[in-house]
Every structure is written in structure tokens, then in C-alpha cells.
Amino acid sequence: MTLLIDLLAATLRNATPLVYGTVGETYAERGGVLNLGIEGTMYAGAFVGFAAALATGSPLLGLVAAVGVGLLSGAVMALLTVTFGANQHVSGIGLTIGLIGASEFANRLIFRGGELQRIEPMPLINPLPDVGPVSAVFSQYGLTWVAFLLVVPLAWWVLQRSSFGLEIRAVGENPEAADAAGVSVPRTRYLALMIGGALMAVGGAFFTLALLGSFTLDIIAGRGWVCIALVIFGRWRIGRGVVGALLFSLIYSLQFRLQILPGFGDLPFELLLALPYLVVIGALALSGRNVAYPGAYLKPYRRS
Amino acid sequence: MRLSSISTRYPVSPWSTPALVLFAIAITFVITAGPILLAGANPIAAYAEFVVIPLTSQFTLLEVLVSATPILFTGAAVAIAFRAGYWNIGAEGQLLLGAIAAAGVGTTVGDLPGIVALPAMLLGGAIAGAAWALLPALLRVRFGIDEVVTTLLLNPVALLLVNGLLHGPWRDPVTGFPESPRIAASAEFPALIDRSRLHLGFVIALVVIATAWYVIARTPAGLRLRAAGLSPHGARFAGINVSRTLIVAALASGAIAGLAGVSEVAGIQHRLTSGLSPGYGYTGIVVATLGTLTMGGVVLAALFLGDLTVGASTAARSLGIPSQLGAVVQGVLLLTVVALLTLRRGNSSRPVDAGPPAGESAEHEPAPTEGAVT
Amino acid sequence: GTSSPSDSGSGKVKVFGAFATQIEEPWDGVIHAALEAEKAAGRIDYTFADDIGYAGDMERVLRQTSEEEKPDIIFGDAFGNEEAVRAVAADFPDIAFVFGSGGGPAEPNFSVFDNWIHEPAYLAGMLAGGITQTNVIGVVGGIPVPEVNRIVNAFIAGAQATNPAVEVKVTFINSWFDPGAAKEAALAQVGADADVLYAERFGVIEAAQENDLVAIGNMSDQKALAPANVVTSVTWNMGPTVKYVIDQVMAGSYTSQDLKDFSMVGKGGAALAEINTDVPGGLPEGLVADVQAREAEIKAGTFRVDINEGQPPGSTIAGG
Amino acid sequence: MAGVPGSAPALELRGITKRFGDLVANRSVDFDVVGGEVHALLGENGAGKTTVMRIAYGLTHPDAGSVLVEGHEVAIRSPRDAIAAGIGMVTQHFSLVGPMSVAENLALGRASGLRLDLDAARRRAVHAAERFGIRVDPDARVADLSVGEQQRVEILKALARDCRILILDEPTAVLVPAEIEALFATLRSLLEEGLSVVFISHKLGEVRAISNRVSVLRQGQMIGTVAGSTDERELARMMVGRPMLGVERSAGAPAPSEAEPVLRIRDLRVDGAHGRPSVEDVSLGVRGGEILGVAGVSGNGQTELMAVLSGMRRPVAGTVSVGDLDLTGADPRQMTAARVGRIPEDRHASLIPDLSVAYNLVMERLDDFRHSGRIDERAIRAHADELIARFDIRASPDDRVAALSGGNIQKVLLARVLSRDPRVLVVSQPTRGLDVGATEYVRSQLLARRADGAAVLLVSEDLDELLALADRLIVLYEGRIVGEMSAQEADREQLGMLMAGRGRNP
Ligand SMILES: Nc1ncnc2c1ncn2[C@@H]1O[C@H](COP(=O)(O)OP(=O)(O)OP(=O)(O)O)[C@@H](O)[C@H]1O
Ligand SMILES: Nc1ncnc2c1ncn2[C@@H]1O[C@H](COP(=O)(O)OP(=O)(O)OP(=O)(O)O)[C@@H](O)[C@H]1O
Ligand SMILES: [Mg+2]
Ligand SMILES: [Mg+2]
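Chains as they are written, first to last, in our numbering: chain A, 1 to 304; chain B, 1 to 374; chain C, 1 to 320; chain D, 1 to 506.
It is worth saying that the hints were derived from the structure and are not from the lab. Positions of the beta carbon are idealized from the N, C-alpha and C atoms, including for glycine. A couple of the hints might just be wrong.
Claimed, not checked - Label pairs and their computed distance ranges (CB to CB):
1) A:L61 with D:G194: 55 to 65 Å
2) D:D324 with B:R244: 26 to 36 Å
3) C:S253 with B:F23: 53 to 63 Å
4) B:T219 with D:G453: 30 to 40 Å
5) A:V243 with D:H72: 51 to 61 Å
6) D:D324 with A:V243: 50 to 60 Å
7) D:R131 with B:R344: 46 to 56 Å
8) A:L149 with B:L206: 35 to 45 Å
9) D:R77 with A:L128: 52 to 62 Å
10) B:L343 with C:A40: 23 to 33 Å
11) C:G281 with A:V243: 56 to 66 Å
12) C:A165 with B:A191: 53 to 63 Å
Said to hold, decoys possible - If we take Cβ atoms under 7 Å as the criterion, some of the chain A residues that face chain B in the derived model are:
13) V90
14) F111
15) G282
16) A285
Unchecked claim - Chain C stretches covered by chain B per the calculated footprint, using a threshold of three residues with CB under 8 Å from any CB of chain B:
17) 53-59
18) 76-86
19) 138-145
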């Protein structure tokens with residue numbers, strides 16, 4: 001029972017950065033741009049958020065700074081892929097390389113390789129009334145609450161129910177049509193990428209501002225790539241992507257708990273570690289064919 | 001009348017690729033001058049260290065070739081797959097599988113002479129890399145599942161496989177460090193030049209690339225591969241078995257990436273280590289793209305990135321700039337190059353179709369319902 | 001092989017640091033910090049290259065530096081690059097190569113050191129065993145290599161010395177970084193009742209702080225990370241090693257050797273950081289005295305902490 | 001001439017010049033349309049009709065020239081500006097978002113505030129549909145609609161914006177006669193309300209039926225403007241610079257009706273979207289020397305039938321055979337090997353547009369052009385030279401197919417297929433979008449195959465084409481054959497009824 005409660009709490013906690021990243025990437029891809037810059041954007045969000053929080057003493061200002069760097073990263077991606085029409089795979093990978101390099105470069109210049117610095121991280125909060133041991137599930141960081149109660153529903157609503165969301169989906173499906181209907185394709189794609197970038201950066205800042213209160217190298221550790229997979233796993237739907245993030249997080253959290261149970265210690269746990277990846281692949285395989293990509297996926301658009 | 005205009009329909013821009021790359025380098029320097037100044041170094045000196053100095057001594061020149069070797073393989077691997085319209089992002093994992101196989105064969109060949117050991121290792125690595133590429137390829141052609149995701153996700157799994165081996169059965173019994181035992185001496189790639197690290201892998205990479213060029217440019221199979229990549233539907237309509245072409249391209253890509261792993265194990269590490277690739281598979285994507293998916297371009301791009309790799313560490317050392325600047329420069333350079341490469345074809349409104357993988361390759365799928373109008 | 005600093009002109013010893021990881025990584029960070037201290041003291045000219053990696057670049061960096069800069073000493077870590085480092089050292093007998101390594105020294109110029117902090121780890125284990133009220137202790141480590149295993153094993157032995165009933169849960173996160181995974185591993189241990197956590201890696205102290213539990217730092221004194229929770233840290237200090245080597249080189253009497261002793265408690269290369277009694281739940285009566293007594297015995301050479309480099313019992317590999 | 005004399009034209013283009021590289025698509029083109037009139041724009045493929053109108057709508061930017069609305073110069077940088085100026089356009093290639101509903105497509109770009117009121121959009125769609133007499137289901141997914149229905153959505157989309165100037169680029173290419181009539185009726189009533197229409201079409205009959213004035217473009221230049229009642233021959237002469245010839249099946253020599261069919265289809269069934277069959281219980285035979293025409297509104301199973309005969313799709317039930325050879329479920333390679341020549345409607349997609357003409361011409365038989373393991377470039381080139389001459393393709397062997405005009409692309413496909421002397425020819429919409437000259441050429445080639453004894457299955461939505469070429473006709477409706485007749489006894493009205501699903505042949 002306590003294991004279960006602990007596991008559920010961990011699942012929500014560990015899903016949080018994935019949810020931000022997945023929703024952010026969904027926006028980019030629904031707009032027709034595969035943003036492989038996500039790993040770098042999350043990394044930069046983590047670093048800039050931390051550095052700003054340390055400098056100002058306020059995690060909230062750190063968050064604002066992370067959002068800023070995310071918007072910027074999205075804008076750069078848009079400049080490359082929308083304005084120039086450059087190859088999206090390469091632009092994204094270049095962005096990731098550059099942003100991780102720049103973050104670590106700045107980290108070195110600012111902290112000079114000295115002792116690890118730490119800020120007072122955002123606290124756990126539990127707005128619900130105490131209902132016994134189960135309450136532990138709801139003791140979460142503010143960013144987790146925001147992710148599930150605000151960002152996910154809002155992002156879904158905007159994408160599916162607002163005219164702006166209609167425009168994003170249209171420029172991702174058929175930019176010619178959107179253009180002919182009077183929608184500015186570049187403007188919409190810029191916005192989708194920038195909103196997506198901001199969300200990714202918040203996902204990265206979750207580590208430094210909430211989970212850890214410090215910045216260390218390799219802090220994202222490939223979670224951005226996981227988000228890329230989750231978006232496709234979720235078939236570009238926000239809801240399904242979030243379910244994917246929860247599923248991945250459940251397995252991720254479970255393996256930490258399983259292995260310290262007596263008797264599990266001798267298993268080759270690399271196998272268990274590989275499980276989240278294999279499960280996503282398996283789920284994709286089971287969900288079968290007919291994966292409906294956004295129609296203009298990977299395609300730049302330019303008027304003649 | 002119309003004939004004359006047709007042949008030059010695509011406006012040829014004044015920007016040739018080399019000019020663009022030089023321009024991109026110049027822009028990169030301007031952008032990165034700020035960080036270099038912040039780090040307290042002279043940007044001009046830094047750029048000289050980055051690009052020029054590595055080319056000025058025999059030692060560093062050979063080191064550039066050494067650095068280029070693995071990404072020659074992975075660049076070619078990625079380029080072949082991309083040419084076929086198969087987005088293999090999994091060269092990293094395929095490389096690791098090749099490395100595992102190389103270490104496996106290399107530690108068991110014992111006293112066999114090199115003439116047996118080396119081909120066995122190359123074959124083993126190629127097969128292992130291809131095997132790792134098989135599942136995503138099958139999922140793609142059978143179920144239309146995006147290979148970008150599956151190949152990407154198999155990369156960490158491959159690394160876990162390496163770690164599992166190194167923490168378990170293959171742990172070096174002498175040091176206890178998670179490294180495999182050393183491969184047999186006969187399984188090592190010989191050095192090409194005395195007292196240098198340049199090894200046989202470099203030559204093998206060039207041979208592989210030359211072969212790939214020949215196949216793609218000169219044989220019917222290569223033309224089919226290109227056709228499948230450019231227009232899967234049109235290729236299938238012309239009787240080309242697109243599914244088979246894709247699988248073959250994916251396997252060839254995996255095999256070549258696997259050879260990269262063999263080359264690193266046999267030429268550099270002489271054992272399996274978990275750190276033998278700092279992301280050569282991903283760099284392969286960069287190389288393939290900078291090389292515009294052509295084999296000649298891959299060679300140039302790999303050499304250039306090799307130059308930058310050597311230059312970045314020299315610059316960090318001799319100017320006291322944080323070593324991460326290398327990554328910043330690489331990233332910015334990559335971005336400026338891809339952005340500027342778009343200028344090559346003037347402002348053509350029909351960009352190279354990098355369409356989604358989806359199910360177009362699958363046999364007997366429904367015809368598209370839209371856009372039937374001419 | 002010997003070298004003398006005379007050729008560097010300034011009278012200072014010319015030292016180069018060659019690190020496979022970035023210096024923000026704690027292990028190389030300790031070496032770098034000691035060299036920076038010597039530089040600040042004006043005894044050496046110090047430059048370094050970090051993040052060299054394990055893909056073969058170490059050999060190039062070392063050769064190039066040896067050839068062009070001709071330093072008197074090169075410090076660094078050889079793990080994962082062992083063969084390359086030794087090959088270069090053999091080609092430059094006039095340069096002192098002093099590397100963290102799992103192997104032995106090599107004539108004439110290749111000396112080895114390592115973080116032999118199993119002694120303070122044992123002492124920390126004693127503390128942890130005494131403090132725990134649930135009789136469950138958690139250890140989160142990076143990768144089960146000999147260097148890490150022997151620390152963890154010593155810690156376990158220490159814990160058992162003060163608390164025979166203790167259960168130590170060990171999780172390796174399979175990465176040298178990824179503090180997110182380290183914290184999750186620690187939280188899982190907390191979920192399994194651990195109330196004292198040994199943070200071999202970053203991320204664990206945060207888990208202790210969040211749950212108001214006791215944490216033990218590693219590598220450097222990490223009390224500042226969570227002053228109310230960190231009871232002590234198992235620290236490594238490369239100062240004695242670095243100082244010894246520089247003195248030798250200055251005196252022209254450098255020879256290759258295993259510098260192990262300089263990283264141990266006896267010569268001040270390893271220590272238990274000041275004990276913080278003001279942690280949640282407090283410390284039981286007499287525990288600090290017991291630990292300090294044992295520390296004195298270790299210093300006096302009357303107590304030897306066993307060195308066991310096998311993967312710790314009950315440990316698992318996890319992480320992201 | 002309609003419109004108030006003396007007042008400014010609703011839309012006026014002045015001195016429009018547009019270059020693509022060194023190709024001049026429009027050379028100082030002047031054009032205007034006044035309130036209440038239909039001004040048709042005629043011209044061969046590639047004459048520059050689409051380009052000039054895309055400029056008026058902001059989809060393409062001119063190198064020189066200006067756009068005036070109601071006499072005032074307006075800067076049209078994007079369709080948004082054009083829409084604001086009261087211009088609407090139905091583009092030649094659909095501008096619809098396939099996975100979205102009709103209502104969503106209509107709402108697109110009409111943002112007022114963040115909230116998307118889909119109910120209102122739906123109501124507007126229904127209202128507009130009633131007002132303009134264009135029936136569409138607002139909740140249908142556009143991708144599920146037939147091409148004709150999509151065309152209706154396109155027109156509705158433009159009209160629903162209350163535009164005062166409507167540009168229609170080949171709107172009738174995919175419509176059946178009844179739909180064309182309905183469209184014209186709608187247009188006529190709107191014209192009375194003062195709408196101005198620019199009408200682009202290759203169909204001279206239609207042009208004469210609806211237009212007040214006709215302008216002709218040739219190679220980017222305005223040749224002249226004449227009254228809508230101008231004689232067809234004269235219009236054609238202006239377009240091509242020479243009089244047009246009629247290509248028709250020589251009424252004599254139909255294949256002996258007792259001969260065994262070469263192509264035989266029995267009880268064919270093909271599944272479509274949503275699990276309901278697209279083709280059901282279709283049985284037919286085509287004899288050598290015979291052209292069997294398949295009539296029907298698009299979306300009634302023709303595409304699927306073609307896909308099966310092209311080897312691109314496997315039927316669920318039934319058999320396909322050629323002579324004694326069972327070709328059920330055959331793939332493209334097996335079809336080609338059985339000497340089935342295939343010319344589908346989507347010619348771009350059936351070639352490799354980014355490869356050269358020469359390569360495309362041998363793509364079906366690469367193995368015949370292999371020389372000791374490598375591609376025999378010399379033989380491929382010789383082959384291309386020969387076919388380019390024989391089929392009058394205006395291109396050189398090294399040109400990328402993507403850079404050719406539609407007519408020349410069709411000729412490449414035709415050359416690839418006919419050069420192999422097929423015994424069976426399956427053809428769909430062979431002249432859609434082609435200009436008069438190219439149409440003539442393609443039709444004459446089909447008739448030549450018939451004369452050589454090939455069995456030809458011709459799918460077309462153009463009744464004139466079917467009546468001119470076919471010996472026998474069948475009509476497809478909702479995937480079934482609802483009528484069969486010889487071409488001589490076919491009459492348009494009856495065909496129209498059958499195509500609309502009314503009346504069944506006994
Ligand atoms: N984006 C473009 N890039 C280059 N050339 C173009 C482009 N668009 C059109 N052209 C060329 O401009 C010329 C005019 O084309 P346009 O589409 O206007 O002809 P059209 O009269 O509409 O022909 P059709 O009857 O086939 O629709 C053609 O030669 C065409 O090849
Ligand atoms: N980027 C381009 N460069 C050169 N020519 C182009 C370009 N884009 C289009 N064209 C040419 O412009 C003309 C019109 O293009 P469009 O896409 O409308 O095809 P189309 O000619 O109408 O083809 P179809 O006859 O199949 O309808 C074609 O001749 C096409 O080859
Ligand atoms: Mg056309
Ligand atoms: Mg046109």
C-alpha cells in the first residue's frame with residue numbers, strides 16, 4: 001500500500017518534466033516542425049532558470065528567465081526552419097548541441113568549476129485536505145500541479161478549441177490552404193515553436209528549480225528525446241501524449257522501487273532500465289499502422 | 001521556344017556550396033566572438049586554433065583523419081538511409097552493436113592470424129549493426145511505424161546492453177573496471193603510419209564510401225534506392241519493391257554504422273568501453289546533412305568536423321577557453337550552414353520533399369484521396 | 001625519470017591537468033581544486049583541458065601537450081583511457097605523469113593515485129548505523145566500479161559495526177551524473193524506510209532534505225547544500241598528493257610510485273568532515289565519541305579498514 | 001458588357017510581370033473584371049493563367065505591376081490582404097485541410113478572438129450552403145469527401161467570405177455536368193448581386209456558356225480580349241495560334257463483339273475507408289481493339305478500380321485476368337510483365353519528379369538497361385532521345401520531370417507505357433488539365449493503340465472525351481456498375497442520370 005502510494009506520487013513527479021516537454025513538442029509538431037532542439041532547450045531552461053534564481057534569490061524569477069530562454073530557443077528554431085526553410089532534423093540537433101554547449105560554457109564562466117551552488121527550491125505543496133496516507137500522492141511541486149491542472153487542459157483547449165489552435169493545426173497539415181485562407185503561416189509557426197520552446201524550458205527548469213535546487217551537468221539526461229517519442233506515441237494528441245508520459249514515468253519510477261526489494265538485486269537491471277524504451281516501441285508496434293502524421297511534417301513552406 | 005527555358009528552369013543561385021560554407025564559418029565566428037571575449041581570449045586567435053592550426057602539422061593533420069574516421073562511417077550510413085527516405089536516427093545504437101560484436105570476436109579469435117581475425121570482426125560488426133537496424137525497418141514497412149522514434153529509442157537500449165555486458169560477463173577481470181578484456185593483438189587494426197594513431201579503419205571507411213558512391217550513382221539498385229527516397233509512390237508504381245529497398249537501405253546503413261563500432265574497437269580502444277562513442281551516430285546525421293547526402297560531401301563534412309574537433313581541444317588548452325566552446329561553435333556552425341544551404345537553389349518553391357515516413361511504402365495501401373486535380 | 005622546473009623560466013613548476021570529464025564532475029573537480037590551490041599559492045603554472053572523454057581524444061591531447069608545451073607534470077584521470085595515457089607517458093619520460101588509475105605505477109615516470117576514502121566512508125557508516133531509527137540506510141552510487149565499490153563496502157562495514165541489525169540498500173544509477181535519477185533512487189529508498197542516506201552522487205541530499213532525514217555527503221564537505229540535514233561528508237583531498245609530487249619535481253627527485261597513502265586519512269588526503277549534530281532526530285549519546293575514537297585509531301594505524309572492491313551486496317543498478 | 005459604364009473595374013491588374021528564374025510566366029499582363037460580369041481567362045497549359053491570378057490573390061508576388069480594386073491601388077502582400085480587399089479565390093489545387101471538418105475549414109483564417117465557435121461556424125456553413133445552393137455536410141471530414149464535394153467546399157469557402165471578386169481556377173475540372181450547371185446557376189444569381197468572377201478553364205463550351213468576356217494568354221502574354229460569345233474555333237486559334245482539329249474514334253471497325261475479352265474482371269470488390277466497399281461486384285471484359293469507357297462522378301470507385309488494375313492495391317474479392325494469366329492481387333511489376341500499361345490520374349505521383357526524364361522513362365525496366373552490373377547510361381539516353389522525338393516531349397533527357405509542364409509530364413508517362421507495346425491499357429483522366437494541343441495528341445495515341453489491337457480501359461470524368469473515344473461505356477455509381485451501353489446509342493442525358501444514381505439500366 002505504501003509502495004503503491006509512493007509509486008503514484010513518484011509517477012506524477014517524474015512525469016512532470018516529460019509532460020511539459022511533450023506538450024511543447026506537440027505544439028511544434030502540430031505546426032509542422034519537428035523540434036529536435038528539445039533536449040537542448042530543456043537543458044538551457046534548467047541552467048538559465050537556476051542561474052537567474054540564484055542571482056535574484058527567487059525561483060519564480062528563475063522560471064520567468066527559463067520561459068524567456070525557451071521563447072528564444074523556439075524563435076531561433078523558427079528562424080531556421082520557417083524563415084530559411086532549413087532541414088529540421090539538422091536544425092534541431094544543431095540547436096541542442098549549441099544550447100547544451102552554451103549552457104555549460106556559461107556555467108563554467110559563472111561558477112568557474114567551484115563547489116556546487118544551491119538555491120532554496122520550490123516547496124512541495126498539497127492543497128487538498130488531508131485524507132490519510134493517500135494524501136502523500138498529492139504532495140507535489142507547484143510545477144507539477146500547474147502541469148496537470150493548468151498547462152495540459154489549457155494546451156488542449158487552445159489546440160483543439162481555439163481559432164489559434166485551428167491555425168496551428170492547419171499550418172501543420174496544409175500550409176498552402178492556411179495561407180490561402182488568410183492565415184500567416186510563418187507567424188503561426190513562430191508562435192507554435194515559441195510556445196513549445198517555453199514549455200520545454202519549463203520542463204527543464206523543473207529539475208533545477210523544484211526537484212533539486214541545483215544545476216549539474218547532464219541534468220536532462222536524454223529526457224528530451226523521450227518526449228519526442230512520447231509525442232509520436234501519443235499521435236500528436238495532447239491527452240494521449242500525457243498518458244504516454246505517465247506510463248513511461250510509472251515504469252521508470254517502478255524500477256527504482258522494484259530493485260531495492262529483497263531478491264531483485266541480482267537481476268541484470270539494465271533490462272529493467274531498457275523497459276520504458278521498449279514499452280514505447282512495443283506500444284507503437286501494437287497500435288499498428290495508419291499513424292497519421294501532420295500533413296506538412298518536416299516540410300518548409302514558402303510562397304513563390 | 002519553351003524548350004530553351006525548360007532546361008534552366010531552376011534558377012542557379014550565385015552561391016555555390018563552398019562559398020556558402022565559408023560564409024557560414026564567417027557568420028559563426030561573428031556570433032561566437034562574444035563568448036570568446038567573455039572567456040577572456042582573442043577571437044581571431046581562437047579561430048585560428050579551431051580551423052587552421054590543426055592543418056599545420058603532420059601530427060594534428062593525422063589526428064584530424066583519426067577524428068574523421070568514425071564519422072565517415074556514420075555519415076555514410078545516415079546518408080544512405082536518408083537517400084532512401086528512411087530516417088535512421090539510430091546509427092549510434094548500431095555503432096555500439098558493431099562495437100560489441102567486434103569486442104566479442106576480437107577477444108575470442110585468440111591466435112588466429114589477422115587475415116582471418118580482421119574480416120571476421122568486420123563481418124561480425126556489420127551483421128550486428130544491421131541486426132540492430134532490422135527491427136525498426138520491419139516495423140516501418142510492415143506497420144508504417146515511424147523509424148525516427150524507434151531507431152532513436154533503441155540507442156539508449158544499445159548503451160544499456162553495453163553497460164550490462166561490461167558490468168556483468170565482460171567486466172575486465174584484471175582491473176575490475178567496466179571494460180571488456182583486450183582484444184587479441186591480431187585483431188587490432190594496424191597503424192597506417194608509424195607512430196600515429198591513424199589506423200586501417202580510415203582506409204576501410206574510404207573504401208566503404210567509394211563503394212556506396214558507386215552503388216548509388218552507377219547501379220540499378222542505387223537508382224531504385226534514390227527513386228524510393230524521392231517518391232515512394234512513384235517508385236512503387238514503376239514496379240520497384242519499395243519495402244524491400246527500404247529494408248536493404250536500413251540494413252546497409254546499420255551495417256556501415258556497425259563498422260564504425262568495429263573501427264573504434266579495433267583501431268582505437270582495443271576493447272569494449274561504454275564511452276567509446278561520444279555520439280558519433282548523431283554526428284553522422286550532421287555529417288550527412290552538411291554533405292548534402294552525397295558521398296563526396298560526407299567525406300568533406302567529416303574531415304571538416306574532424307578538423308573542428310582537433311581544433312576545439314587545442315583552442316581550449318592553449319587559450320584557456322572553456323572546452324564547451326567547441327560545442328557552441330559546432331552548434332552555431334551547423335545552424336548557419338543548414339540555414340545558408342537553403343540559399344543554394346534560389347527561392348525555388350518546391351523544396352526537396354522530406355516528407356514523413358508514414359505508410360507510403362507499405363504494399364497495397366489506399367491511394368490518397370486528396371489533390372487528384374491537376 | 002626526473003624532470004626539473006628550471007626550463008620553465010619562471011621557477012614555477014609547469015603543470016597540466018588532463019581530465020576526461022568536465023571539472024564540474026566531483027572526482028576530477030577534487031584534483032582540479034588542489035591544483036588551483038597550488039596555483040594560487042604561486043608554486044605552479046597551471047593549465048588544463050577537461051571533458052576530453054573516452055573516445056580516444058585523451059591520447060591526442062596528452063601527446064600534443066607533451067610535445068608542444070613540455071609541462072613538468074601532467075595530472076589527470078586515466079580511467080577509461082588507461083592504455084592511451086600509459087603509452088604517452090612511456091614516450092615522454094621527462095614529464096611526470098600522475099594519474100588517477102586502477103592500475104599500478106610504471107617506471108620511470110608514471111605515478112598513480114586514487115580516491116582512497118574508504119576510511120572516512122567507514123566512519124560515516126558508523127555514524128549512519130548509529131543514527132538510523134528504522135535500521136534501514138540507503139546508498140546511492142554512480143556506477144559500480146572498484147573505486148566506488150570499496151567506498152560503499154567500507155560504509156556498509158562501518159554501519160554494521162555500530163548497528164548489527166542494519167540493512168543497507170544500495171542503488172547505482174548507472175551514470176556519473178543524472179541527479180534526477182539519483183534523487184528518485186533515494187526517494188525510493190526512503191519509501192522503503194531508509195532514514196539515513198549516503199550521497200555518493202549529487203541529488204541524494206535533496207531527497208533527505210525534502211523528507212527531513214539525515215544525509216551524508218561525498219567527495220567534498222557538502223554541508224552547505226542542506227545545512228540542517230547533512231551530518232557529515234566523506235571527503236577526499238588531493239592537496240597532499242599534489243604538494244608531494246610538486247615538491248619532488250622541484251627537488252629533481254621525482255620517481256614513479258603509487259601515491260595511494262597521500263589520499264588516505266593518515267596523510268590528510270581523506271577525512272570525515274566536521275560532524276553536524278544538529279540534524280533531524282539528533283545523534284545518539286556517545287556516537288560521535290565512538291567515531292572519533294575509531295578515527296584516531298585509523299590515524300594511528302592501529303585500525304585498518306578492509307578494502308573490498310567487489311560490487312556491494314544487495315546493490316542494484318538503476319537510473320535513467 | 002456588364003457593369004456600370006464609366007465606373008472603375010472591380011479588379012484591375014496592370015502590367016503584371018512575373019519571372020521564375022529565366023522563365024517569364026507573365027509578361028506585362030493587363031486584365032480587369034467589372035462588377036456583375038464573368039471574365040474568362042483562357043490559355044494553354046503553362047500560359048500563365050494561374051500565376052497571374054495567384055498574384056491577384058497574394059499567393060505569388062509579382063516582379064512588376066499593380067493590383068487595383070475599385071480603382072484604388074492596393075498592396076496585396078498575402079491572401080489576408082486580398083481577402084480584406086474583397087477578393088476570394090478557388091485555387092487550381094485544393095486549399096483544404098484534409099483531416100479537418102468542413103466547418104473547421106470554413107472557420108480557418110476568420111479568427112475573431114481566441115475562442116473558436118465551431119457551432120457558429122457550423123451554422124454559417126449551413127446558412128451559406130443554403131444561400132448558395134451548395135450542399136455540404138459541415139461535420140464531414142474533408143479528406144473523406146469526393147473530389148467533387150471538395151470542390152464545392154472550396155467554392156463555398158470563398159463565397160462564405162462575402163467576397164466581391166471571385167477567382168475560379170479550373171473549378172469545373174472535377175465536376176459532372178449537373179454540378180457544373182448548379183455552379184453556373186449559383187454564379188448567375190450572385191452576378192446579379194454584383195459579384196465579379198474571373199473564370200479559368202480549358203473547356204471552351206463552358207467558357208462560352210458563362211462568360212461575358214474572354215481573354216487569352218499565350219506564353220505569359222495577353223493575346224487579346226473578345227466577347228464571351230466568340231466562336232470556339234476562334235478562341236482555340238487565339239490560344240494555340242492555329243486551328244484546332246477534332247480527334248475522334250473512327251465510327252467504323254469496332255472490335256467483333258463475339259471476340260474473347262483480353263482484360264477480364266470478375267466480381268471485384270475493393271474496400272474503402274470506414275470498411276465499406278469502394279468497388280463492389282464489378283465484372284467486365286475489354287476486347288482487343290476496343291476502348292471501354294468508364295463514366296462516373298469522381299469518388300464512385302474509379303480510383304480504387306484503377307489502383308487494382310495498376311497493381312497498387314489488392315482487391316478483397318474477385319479476380320482480374322489478362323488472357324489466360326491470373327493477375328488478381330498482382331503488383332505493379334507483375335502487371336507490367338503481363339503487358340498491362342498503366343496511366344493513372346495522379347501523374348506527378350506516378351513518376352519520380354525529382355529524377356530526370358531519361359531515368360523516368362526506364363524506371364519500369366531498369367534491368368533491361370544494365371550493363372555488367374551498372375546502369376547503362378548510354379542506352380538510357382539513346383532510349384530517351386528516341387522517345388522524346390517519337391512522343392513529341394518538349395524536354396531534354398536530363399531535365400527533371402518536376403520542371404516540366406503538365407502536358408509534357410503526361411507525355412513522359414505515355415511514352416513510358418506505350419513504348420512497351422502494351423496489350424492492355426488502363427488509363428484514367430488522360431487529358432485532365434491538358435491544353436488543347438496536348439489533349440489532341442494524347443487522344444490520338446490512345447486511338448492508335450486501339451487500332452493496333454490493344455484492349456483499352458478508359459476512366460474519365462469528361463463525357464465528351466468518353467463519347468469521342470469509347471466503343472462501349474459503363475457507368476460506375478457507388479462502386480457498382482449501374483449501366484452499360486455502346487457509345488453509339490449512349491445519350492448524354494441518360495448518362496447524366498445514371499451517373500447521378502438515378503435510374504438503372506435494365
Ligand atoms: N513556382 C513556380 N516556379 C517556377 N516556375 C513556375 C512556378 N509556377 C509556375 N511556373 C511556370 O510558370 C508558367 C506559368 O504557369 P501557370 O501555372 O501560371 O500556367 P497555367 O496557365 O495556369 O497552366 P495550366 O493550364 O496548366 O494550369 C509555367 O511555365 C510554369 O512552369
Ligand atoms: N519550383 C518550380 N520550378 C519549376 N517549375 C515549376 C515549379 N513549380 C511548379 N512548376 C511548374 O509549374 C507548372 C504549374 O505547376 P503546377 O504545380 O500547377 O502543375 P501543373 O502544370 O498544373 O501540373 P498538372 O498538369 O499535373 O496539373 C508546371 O509546369 C510545373 O512543372
Ligand atoms: Mg495545371
Ligand atoms: Mg493553372
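Here is how each hint holds up against the structure:
no.	hint	in the structure
1	A:L61 with D:G194: 55 to 65 Å	holds, 59 Å
2	D:D324 with B:R244: 26 to 36 Å	holds, 29 Å
3	C:S253 with B:F23: 53 to 63 Å	holds, 57 Å
4	B:T219 with D:G453: 30 to 40 Å	holds, 37 Å
5	A:V243 with D:H72: 51 to 61 Å	holds, 55 Å
6	D:D324 with A:V243: 50 to 60 Å	holds, 55 Å
7	D:R131 with B:R344: 46 to 56 Å	holds, 50 Å
8	A:L149 with B:L206: 35 to 45 Å	violated, 58 Å
9	D:R77 with A:L128: 52 to 62 Å	holds, 53 Å
10	B:L343 with C:A40: 23 to 33 Å	violated, 51 Å
11	C:G281 with A:V243: 56 to 66 Å	violated, 41 Å
12	C:A165 with B:A191: 53 to 63 Å	holds, 59 Å
13	V90	holds, 4 Å
14	F111	violated, 11 Å
15	G282	violated, 10 Å
16	A285	holds, 6 Å
17	53-59	holds (count 6)
18	76-86	holds (count 4)
19	138-145	holds (count 3)
This entry does not satisfy hints 8, 10, 11, 14, 15, going by the numbered hints stated previously.
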